[in-house]
Amino acid sequence: MDILIRSDAEGVAAAAADILADYARRGATLGLATGSTPLGTYQELIRLYEAGEVSFADSTAFLLDEYVGLTPEHEQSYHHTIRHEFTAHVDFDDSRVHSPDGTAADPWVAAQEYEQAIIDHGGIDVQLLGIGTNGHIAFNEPGAALNGPTHVDTLQPQTIADNSRFFDRPEDVPIHVLTQGLGTIQRAGHLLLLATGEGKADAIAALAEGPLTTMCPASVLQSHPRATVIVDEAAASKLHHRDYHRFVEENKLPRKN
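Sequential numbering from 901 applies to the sequence shown in my numbering.
The hints are all genuine.
Label pairs and their computed distance ranges (CB to CB):
{"hint": "1", "residue 1": "Glu950", "residue 2": "His974", "range": "26 to 32 Å"}
{"hint": "2", "residue 1": "Ala1045", "residue 2": "Gly1022", "range": "21 to 27 Å"}
{"hint": "3", "residue 1": "Pro1042", "residue 2": "Gly1097", "range": "17 to 23 Å"}
{"hint": "4", "residue 1": "Ala957", "residue 2": "Pro1042", "range": "35 to 41 Å"}
Listed next, the in silico SDA-like pairs over lysine to any residue satisfying Cα-Cα at most 25 Å (straight line):
{"hint": "5", "residue 1": "Lys1138", "residue 2": "Lys1152"}
{"hint": "6", "residue 1": "Lys1152", "residue 2": "Leu904"}
{"hint": "7", "residue 1": "Lys1152", "residue 2": "Asp922"}
{"hint": "8", "residue 1": "Lys1152", "residue 2": "Gly911"}
{"hint": "9", "residue 1": "Lys1138", "residue 2": "Ala914"}
{"hint": "10", "residue 1": "Lys1138", "residue 2": "Glu1150"}
{"hint": "11", "residue 1": "Lys1152", "residue 2": "Arg925"}
{"hint": "12", "residue 1": "Lys1138", "residue 2": "Asp1102"}
{"hint": "13", "residue 1": "Lys1152", "residue 2": "Ser907"}
{"hint": "14", "residue 1": "Lys1138", "residue 2": "Gln1058"}
{"hint": "15", "residue 1": "Lys1138", "residue 2": "Glu1098"}
{"hint": "16", "residue 1": "Lys1138", "residue 2": "Gly935"}
{"hint": "17", "residue 1": "Lys1152", "residue 2": "Ala915"}
{"hint": "18", "residue 1": "Lys1152", "residue 2": "Gly1089"}
{"hint": "19", "residue 1": "Lys1138", "residue 2": "Val1148"}
{"hint": "20", "residue 1": "Lys1138", "residue 2": "His1124"}
{"hint": "21", "residue 1": "Lys1152", "residue 2": "Asp1025"}
{"hint": "22", "residue 1": "Lys1152", "residue 2": "Asp908"}
{"hint": "23", "residue 1": "Lys1152", "residue 2": "His1090"}
{"hint": "24", "residue 1": "Lys1138", "residue 2": "Thr1113"}
{"hint": "25", "residue 1": "Lys1152", "residue 2": "Ala921"}
{"hint": "26", "residue 1": "Lys1152", "residue 2": "Glu1109"}
No lab work stands behind these hints: they were computed from the structure. We put the CB at the ideal spot given by N, CA and C, even for glycine.
Turn these sequences into a full structure, and let the hints steer you where they fit.
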């Protein structure tokens, strides 16, 4: 995988936005993530759109996940969040921004339908990812099947604690979610994972330099044919080979997306 180290969160956001904007200019299908880490990237994409440098009019988006039980109008649903933070501020056709149905009577059927919708569409060209402190991506917690499809999962206490900052009380965080599986994610053409801050340093080290294991779901990026990890200095601080990653980037032949 390509590991790009930037000095700060702003540098991470700018580098990620450049990659995503290049895909959007070709009308690609974007896999979008929510959470605090992608916010800077979305703000940079909005800036590029307002400057006339990119359009999303021909793009389609699929979200990674959704809480079970939250309506699309709930301010913490990912259906609402991605619109509030990004797609409503650019020329994305709202009908082409897809997310799992967290209010479905049978969430297991909803998971199967979402998986099939991605397949029927022809897949995702570039998938934006964050990483949890325990190594999860999307809501695939440690122990998740390495090739699993979109499914219903139960959040671990650490993830609930991490996400409680978005809710009034920790007990308000739903404990069940619909999430793209690791197999679904690995079918995307290009995986783009972002991490900032010292709190993500252990997870990034495990992802990049540890074994490929279900105990660090993000380690599946090691087996993907095209994965890019963009981190700031703090998140890169526990990488043993960070100087080598810098050398590789400085001397790498240019590659078109």
